[in-house]
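Chemist: Heads up: the protein sequence lines correspond to chains A, B and C, in order.
Heads up: the first sequence begins at 0 in numbering that gives the first Met the number 0, then just goes up one per residue.
Heads up: the second sequence begins at 0 in numbering that gives the first Met the number 0, then just goes up one per residue.
Heads up: the third sequence begins at 0 in numbering that gives the first Met the number 0, then just goes up one per residue.
These are computed hints drawn from the structure, not numbers from a lab.
It is possible that some hints are incorrect.
When chains are identical, the list treats them as one kind, so a pair holds in a single copy or across two.
The calculated lysine-lysine pairs, modelled on DSS-like cross-linking and capped at a C-alpha distance of 30 Å, are [as the list claims (entries may be wrong)]:
id : residue 1 : residue 2
1  : K133      : K99
2  : K102      : K34
3  : K99       : K34
4  : K34       : K103
5  : K133      : K34
6  : K133      : K102
7  : K133      : K103
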Amino acid sequence: MGTDSPFLLAAVSLLSALHMGYLARRVGWSRMAHKVLPPSVTGPPQFERTFRAHQNCVECYPVFLVTLWTCGMFFSELTAAAVGLVYIIARQIYFNGYVKSTKKRLPGFYLTLAVFVTLSLLGLIGILRGILHKYLHIHL
Amino acid sequence: MGTDSPFLLAAVSLLSALHMGYLARRVGWSRMAHKVLPPSVTGPPQFERTFRAHQNCVECYPVFLVTLWTCGMFFSELTAAAVGLVYIIARQIYFNGYVKSTKKRLPGFYLTLAVFVTLSLLGLIGILRGILHKYLHIHL
Amino acid sequence: MGTDSPFLLAAVSLLSALHMGYLARRVGWSRMAHKVLPPSVTGPPQFERTFRAHQNCVECYPVFLVTLWTCGMFFSELTAAAVGLVYIIARQIYFNGYVKSTKKRLPGFYLTLAVFVTLSLLGLIGILRGILHKYLHIHL
């Protein structure tokens with residue numbers, strides 16, 4: 000592996016985990032503001048958008064962690080950590096936009112997509128290079 | 000740990016992450032086909048089955064990653080990677096089946112279960128062997 | 000990293016993954032008891048509370064894994080593993096409470112929160128210490 004003490008990846012992962020906790024809290028606040036008691040997940044449109052925004056982040060989060068660490072361990076830790084910070088910002092833009100209107104979720108959504116494409120491609124390059132080297136003794 | 004450059008585990012993880020992205024896309028296509036606008040998650044039965052099929056994959060995914068890496072790092076990387084590929088296929092069969100009918104989700108569901116049992120058991124063997132060796136100096 | 004064969008973290012992770020499988024099973028049993036056929040996720044209040052209890056565990060699980068491993072790799076493996084066991088108990092208390100009534104989910108919820116705060120803070124200490132050492136050559 001490229002790095003044996005991936006402090007930067009760990010720092011971004013921990014930050015993203017805290018960010019997920021903050022977004023969950025936002026749903027809780029929206030419940031209170033719109034008087035939607037658990038376990039109900041339906042209510043005024045703004046609450047439902049807030050709830051779905053969080054759900055989408057929940058769906059994306061493990062995919063983010065896999066691509067972050069793949070890129071960070073096999074391509075470049077610094078690059079992965081930097082793009083990982085962009086991910087957190089992208090999710091915040093997505094969430095804030097979606098709370099306002101369904102259409103306003105799109106800019107943050109496209110930025111999220113760009114992060115996934117970047118991390119996946121760089122991770123793929125790193126893995127292929129590693130497999131060629133380890134199993135076929137081809138040095139690129 | 001058994002392996003210090005787990006390229007195969009990383010490759011299967013990255014592939015599974017891309018597969019999760021593809022399944023999310025399928026939900027988006029189903030939204031368009033059935034005219035179900037976000038944030039709504041209710042609509043014609045086929046859309047609701049597609050939505051639930053994806054949700055089930057979201058629920059399973061972190062469990063898969065944990066069992067994949069446990070088996071791969073502490074038992075055998077090659078075995079874990081091969082079974083991990085079966086997982087992706089199992090989820091695809093499950094998803095395609097569930098879209099058609101609730102009952103047709105079952106074959107893919109049972110194959111998923113078989114993957115979890117296999118990865119967990121092998122991972123457990125590897126961990127127990129490791130704990131006996133590291134903490135009790137018993138070599139199996 | 001603090002540990003190169005994190006068997007205890009792997010053991011707690013595997014146990015938590017099996018616990019997630021058990022909670023998913025509980026939702027399945029609740030479906031049968033209340034005759035709620037998939038893909039429906041609405042029904043009698045007790046089913047809906049059971050369903051939401053599981054969903055909340057799904058939302059929390061990747062956050063748990065990140066904080067567990069951050070604390071375990073960069074602060075102390077034994078501490079993280081012990082607090083990780085408390086997490087599994089906390090989620091069980093939360094789940095059982097939520098099935099009974101919405102209010103009874105709170106003790107398990109607060110215990111979960113305490114676990115997250117503990118793992119995050121210790122992980123943060125470990126990461127900051129590591130970054131100071133690796134990048135700024137400051138030894139604490």
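Chemist: Confirm or reject each hint.
Modeler: Taking the hints in turn, this is what the structure says about them:
1. In the homo-oligomer, the alpha carbons of K133 and K99 never lie at most 30 Å apart, since the shortest distance is 50 Å inside one protomer and 43 Å across protomers.
2. In this homomeric assembly, K102 and K34 come within 30 Å of each other (Cα to Cα) both inside a single copy, at 25 Å, and across copies, at 15 Å.
3. Taking CA atoms no more than 30 Å apart as the test, K99 paired with K34 passes in both settings, with 18 Å inside one copy and 21 Å between copies.
4. Taking identical chains as interchangeable, the C-alpha atoms of K34 and K103 lie at most 30 Å apart whether they share a chain (24 Å) or sit on different chains (19 Å).
5. When the C-alpha separation of K133 and K34 is checked against a cutoff of 30 Å, the pair qualifies neither within a copy, at 58 Å, nor between copies, at 49 Å.
6. Proximity of K133 and K102 under a CA criterion of 30 Å is satisfied in neither setting, with 47 Å inside one chain copy and 44 Å between copies.
7. In this assembly of identical chains, K133 and K103 lie within 30 Å of each other by CA distance neither inside one copy nor across copies; the values are 46 Å within and 41 Å between.
Of the numbered hints listed earlier, those contradicted by the structure are 1, 5, 6 and 7.
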